[in-house]
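Engineer: So you can see what is in the structure, the chains are spelled out below.
There are 2 protein chains.
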Amino acid sequence: MLKDFVKAVPPEKEELKEELKAARAQLAGYQMKIKDAKLPVMVIFEGWGAAGKGSVIGKAIHDIDPRFFKVKNFSAPTEEEKRYPFLYRYLLEIPEAGKFTFFDTYWMEEVTKGVLSGDISEKEYKQRINSINTTERSLHDNGYLILKFFFQIGKKEQKKRLEALEADKDTSWRVNEADHEENKHYEQFLDVYDRFLEDTNRSVAPWYIIDAKDKKWAELQVLRFLNQGIDTALKNQALASPILQNIFPLKQMPKLNEITLSDKTMTEEDYRVELEALQKELNHLHYELYRKKIPVIIAYEGWDAAGKGGNIKRIAGALDPRGYEVHPIASPEPHEKARHFLWRFWTRLPKTGHIAIFDRTWYGRVMVERLEGFCSENDWQRAYNEINEFEKELTDWGAVVIKFWVQIDNKTQLERFTERQNTPEKQWKITDEDWRNRDKWDLYEGAVNEMIQKTSTTFAPWHILESNDKKYARIKALRIVIREIREACDRK
Amino acid sequence: MLKDFVKAVPPEKEELKEELKAARAQLAGYQMKIKDAKLPVMVIFEGWGAAGKGSVIGKAIHDIDPRFFKVKNFSAPTEEEKRYPFLYRYLLEIPEAGKFTFFDTYWMEEVTKGVLSGDISEKEYKQRINSINTTERSLHDNGYLILKFFFQIGKKEQKKRLEALEADKDTSWRVNEADHEENKHYEQFLDVYDRFLEDTNRSVAPWYIIDAKDKKWAELQVLRFLNQGIDTALKNQALASPILQNIFPLKQMPKLNEITLSDKTMTEEDYRVELEALQKELNHLHYELYRKKIPVIIAYEGWDAAGKGGNIKRIAGALDPRGYEVHPIASPEPHEKARHFLWRFWTRLPKTGHIAIFDRTWYGRVMVERLEGFCSENDWQRAYNEINEFEKELTDWGAVVIKFWVQIDNKTQLERFTERQNTPEKQWKITDEDWRNRDKWDLYEGAVNEMIQKTSTTFAPWHILESNDKKYARIKALRIVIREIREACDRK
Chain G
1 MLKDFVKAVP PEKEELKEEL KAARAQLAGY QMKIKDAKLP VMVIFEGWGA AGKGSVIGKA
61 IHDIDPRFFK VKNFSAPTEE EKRYPFLYRY LLEIPEAGKF TFFDTYWMEE VTKGVLSGDI
121 SEKEYKQRIN SINTTERSLH DNGYLILKFF FQIGKKEQKK RLEALEADKD TSWRVNEADH
181 EENKHYEQFL DVYDRFLEDT NRSVAPWYII DAKDKKWAEL QVLRFLNQGI DTALKNQALA
241 SPILQNIFPL KQMPKLNEIT LSDKTMTEED YRVELEALQK ELNHLHYELY RKKIPVIIAY
301 EGWDAAGKGG NIKRIAGALD PRGYEVHPIA SPEPHEKARH FLWRFWTRLP KTGHIAIFDR
361 TWYGRVMVER LEGFCSENDW QRAYNEINEF EKELTDWGAV VIKFWVQIDN KTQLERFTER
421 QNTPEKQWKI TDEDWRNRDK WDLYEGAVNE MIQKTSTTFA PWHILESNDK KYARIKALRI
481 VIREIREACD RK
Chain X
1 MLKDFVKAVP PEKEELKEEL KAARAQLAGY QMKIKDAKLP VMVIFEGWGA AGKGSVIGKA
61 IHDIDPRFFK VKNFSAPTEE EKRYPFLYRY LLEIPEAGKF TFFDTYWMEE VTKGVLSGDI
121 SEKEYKQRIN SINTTERSLH DNGYLILKFF FQIGKKEQKK RLEALEADKD TSWRVNEADH
181 EENKHYEQFL DVYDRFLEDT NRSVAPWYII DAKDKKWAEL QVLRFLNQGI DTALKNQALA
241 SPILQNIFPL KQMPKLNEIT LSDKTMTEED YRVELEALQK ELNHLHYELY RKKIPVIIAY
301 EGWDAAGKGG NIKRIAGALD PRGYEVHPIA SPEPHEKARH FLWRFWTRLP KTGHIAIFDR
361 TWYGRVMVER LEGFCSENDW QRAYNEINEF EKELTDWGAV VIKFWVQIDN KTQLERFTER
421 QNTPEKQWKI TDEDWRNRDK WDLYEGAVNE MIQKTSTTFA PWHILESNDK KYARIKALRI
481 VIREIREACD RK
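Sequences listed follow chains G and X, in order.
Each residue of the first sequence is one higher than the last, beginning at 1 in this note's numbering.
Each residue of the second sequence is one higher than the last, beginning at 1 in this note's numbering.
It is possible that some hints are incorrect.
Note that the list lumps identical chains together, so a pair holds whenever it fits in one copy or between two copies.
[Stated by the list, open to error] Simulated pairs of lysine-lysine, DSS-like, Cα-Cα distance not exceeding 25 Å:
no. : residue 1 : residue 2
1   : K33       : K313
2   : K123      : K313
3   : K313      : K454
4   : K470      : K3
5   : K235      : K426
6   : K392      : K440
7   : K17       : K155
8   : K337      : K235
9   : K70       : K337
10  : K351      : K184
11  : K70       : K429
12  : K280      : K264
13  : K72       : K351
14  : K213      : K426
15  : K72       : K492
16  : K99       : K337
17  : K70       : K7
18  : K33       : K492
19  : K213      : K235
20  : K7        : K99
Please keep in mind that the hints were generated in silico from the structure rather than gathered at the bench.
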């Protein structure tokens with residue numbers, strides 16, 4: 001799209017000035033509407049070195065109140081950042097509802113520079129494009145407005161600008177070897193940029209090529225597209241997003257009422273012996289996965305009082321405390337609620353070689369949020385696919401993702417609730433909400449069945465832990481964790 | 001204290017086992033009390049390589065619910081982390097109220113290793129010790145329990161352990177060159193460790209030397225001190241902390257009612273001319289401070305409708321958007337309220353070469369929090385000193401700290417409130433709370449006078465911006481910002 005880009009004709013000087021003034025006022029007028037509509041706006045600037053992105057960002061924010069925007073820029077990832085998935089450092093910075101974030105370069109730069117340097121293979125390139133398109137669509141579907149601008153200047157114009165910047169001691173530091181490389185091999189860079197733009201140009205997050213030869217005209221083009229995009233997004237707030245068909249391979253799973261529990265028991269003695277042996281094995285494995293830099297994510301869901309806490313403790317007890325973290329997930333805090341529902345899990349990902357254990361997870365979207373009406377029907381219906389995409393992203397990164405559903409029957413829950421209620425040290429574990437949820441057992445069972453059917457992908461299947469006998473469930477969990485990590489270690 | 005450490009006599013084997021069991025149960029019992037009392041607990045482990053810190057941490061957390069603790073460890077600071085003050089990366093990780101954080105090494109390691117490698121001079125060492133002691137006291141005074149353990153083993157014992165670790169392929173990666181260095185130059189390291197322990201051993205954050213030759217006995221010693229420390233802290237929750245005498249040089253400042261406003265005006269024409277010239281100058285300076293890696297913090301406080309927003313805009317408008325951030329400060333979110341009141345400002349510090357502009361600041365503690373009773377009298381009375389210490393830390397780091405009080409008179413505020421109320425586009429700027437605060441003008445005036453007297457240190461004085469005429473105030477602010485940054489650039 002860059003190569004066959006047709007420049008629009010700029011207005012005459014006076015006209016341009018007038019239109020610019022009006023467009024700035026229009027943008028300023030939008031800020032309260034965006035706030036009221038809780039619309040999060042991502043404005044991404046990419047382009048040739050010295051094309052003037054920074055200067056236009058400076059102009060664009062001029063009339064927006066600092067309470068309503070942030071400017072973020074990205075340089076090459078640090079060693080620490082490289083220990084997280086590619087998307088990680090970008091997603092951390094997404095705006096909250098009702099606010100703008102202006103990005104001075106985003107994920108395009110890392111990908112295109114990687115292709116040009118040869119650090120990113122063709123296969124990796126395609127994977128990144130897929131990650132980007134999937135993520136931008138998921139952000140859009142969850143209410144984000146994403147607008148992307150590419151600042152275009154010609155080879156000669158760039159050369160002239162680089163020379164001018166270098167001639168001035170205040171600005172010479174802004175020009176580096178990479179800029180000269182870009183100019184020297186302009187045509188080669190053009191190919192890679194053009195391909196990236198075409199590969200990521202979707203209506204959920206469209207690209208706009210900006211003719212950046214004249215500063216004022218560049219600003220006007222950006223403001224026109226920005227105002228238009230905001231206008232459209234505000235009109236579309238009430239619209240639902242399409243529910244996509246599942247494209248991930250699924251495993252056949254039983255329904256909860258098909259799971260037998262009474263025969264899944266274990267003697268105290270067998271339990272002691274096995275527990276010690278398995279914990280020892282897991283402890284060794286932990287060092288191995290640390291050396292091999294494999295990230296592990298263990299997700300626990302299950303009925304209240306099913307024994308999640310005790311089960312997690314038996315896993316965690318085998319691990320070196322420096323290499324794992326348990327994340328108890330409660331209802332989101334305001335700054336979390338104001339972002340994409342997966343954001344608070346992105347921020348809690350482990351780095352390579354580490355283990356993150358989630359006590360309750362992103363599946364809250366299709367259980368409590370669904371049943372309590374904390375999100376719309378369209379939201380939770382889309383979420384199965386969004387979650388599968390998220391977990392695919394994690395496993396493609398190399399993570400071992402293990403998901404446990406801790407299962408008990410209704411009668412066992414009642415016994416455990418009653419026991420908690422009657423034991424002073426355990427009373428804090430039981431709340432009115434637990435009793436209220438219990439009343440909705442059937443609704444939850446339906447939601448859980450749907451969740452397990454729709455999100456048991458081959459790369460991140462659910463494992464059922466039969467937990468009427470907690471000892472049995474703990475040993476089963478340890479075995480699965482060991483098996484999955486062992487397989488990942490052996491592959492590496 | 002390490003050199004003349006007298007080992008306690010461990011109990012007999014059976015007795016030890018019994019006591020250990022009791023001590024673990026006692027710690028487990030404390031977790032709910034800590035939660036209810038909203039006590040944040042920092043447990044810091046330091047010691048010789050291979051002394052067994054990790055293993056004891058693993059034991060200590062065994063009976064604590066994952067909802068109530070985190071384990072954090074630290075390695076050498078990254079290049080990115082080095083662009084923040086020394087304390088920064090440690091303070092980010094302090095626990096929230098009602099929870100434990102176990103630190104596997106904290107700031108001791110960075111300081112002692114720096115001394116031993118020669119990277120930290122004697123002067124810097126003393127500065128760090130002072131920073132640490134001040135910060136630990138400030139944390140303690142704000143309700144934190146801090147317990148510090150140093151794991152002691154002899155030279156021969158360490159050598160034996162390093163060899164054993166290296167002999168096993170699962171653990172050999174845990175031994176590095178630095179461990180061997182430590183063992184080889186044991187006596188030299190001992191000197192530096194011992195000095196650090198003595199220099200930072202205060203009752204607000206005491207050190208306990210742990211005889212770490214036997215694992216179980218080490219665990220018991222830790223648990224004994226931990227349980228004792230928690231017991232004491234729970235008993236002391238209601239106690240107030242001493243208000244320390246000011247030790248910082250203060251500037252003489254006027255009272256608000258001594259400031260004349262009516263003569264501080266400017267013509268529209270002079271304003272236009274000056275604004276353009278000053279913004280241009282500041283724009284150039286921004287690049288210079290970026291090159292010289294000077295961090296800048298600009299703090300705005302002032303009456304509602306005094307013109308803070310517009311003033312900030314004139315500063316920000318001159319800056320490259322990639323090099324500054326405006327932080328509008330509202331009431332703290334739950335995770336912020338659950339920590340030391342300065343935490344949410346530590347997390348928003350600029351890195352070197354960047355500018356952070358705060359629209360309202362940490363001074364909320366001695367204004368709105370004081371007057372609305374959001375903190376205790378003891379809290380806000382201590383805060384003047386805690387804030388001066390915070391700003392001293394920033395200026396010692398090399399930051400330029402500029403504080404503005406934007407002043408208007410009572411009549412002008414009423415006019416502006418009324419205008420906002422009557423102008424549809426401005427109505428969002430005026431709330432019922434603004435009117436309520438206006439009723440408390442005299443109380444606020446008293447609090448502001450006390451604040452300005454007590455926190456106008458020579459290194460971070462208040463600057464009054466007479467803002468009945470906003471143009472005058474904007475030009476004055478720009479001049480002060482330019483002057484302060486210019487001076488810092490010239491010094492460097």
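Engineer: Taking the hints in turn, state whether each one holds.
Structural biologist: Hints, verified against the model:
no.	hint	result
1	K33 to K313	between (48 Å within a copy, 21 Å between copies)
2	K123 to K313	neither (40 Å within a copy, 46 Å between copies)
3	K313 to K454	neither (29 Å within a copy, 50 Å between copies)
4	K470 to K3	neither (64 Å within a copy, 50 Å between copies)
5	K235 to K426	between (51 Å within a copy, 24 Å between copies)
6	K392 to K440	neither (31 Å within a copy, 57 Å between copies)
7	K17 to K155	neither (28 Å within a copy, 77 Å between copies)
8	K337 to K235	within (23 Å within a copy, 37 Å between copies)
9	K70 to K337	both (18 Å within a copy, 23 Å between copies)
10	K351 to K184	neither (38 Å within a copy, 33 Å between copies)
11	K70 to K429	between (41 Å within a copy, 20 Å between copies)
12	K280 to K264	within (24 Å within a copy, 76 Å between copies)
13	K72 to K351	both (23 Å within a copy, 13 Å between copies)
14	K213 to K426	neither (70 Å within a copy, 37 Å between copies)
15	K72 to K492	neither (36 Å within a copy, 27 Å between copies)
16	K99 to K337	both (14 Å within a copy, 23 Å between copies)
17	K70 to K7	neither (30 Å within a copy, 56 Å between copies)
18	K33 to K492	neither (52 Å within a copy, 46 Å between copies)
19	K213 to K235	neither (33 Å within a copy, 70 Å between copies)
20	K7 to K99	neither (31 Å within a copy, 59 Å between copies)
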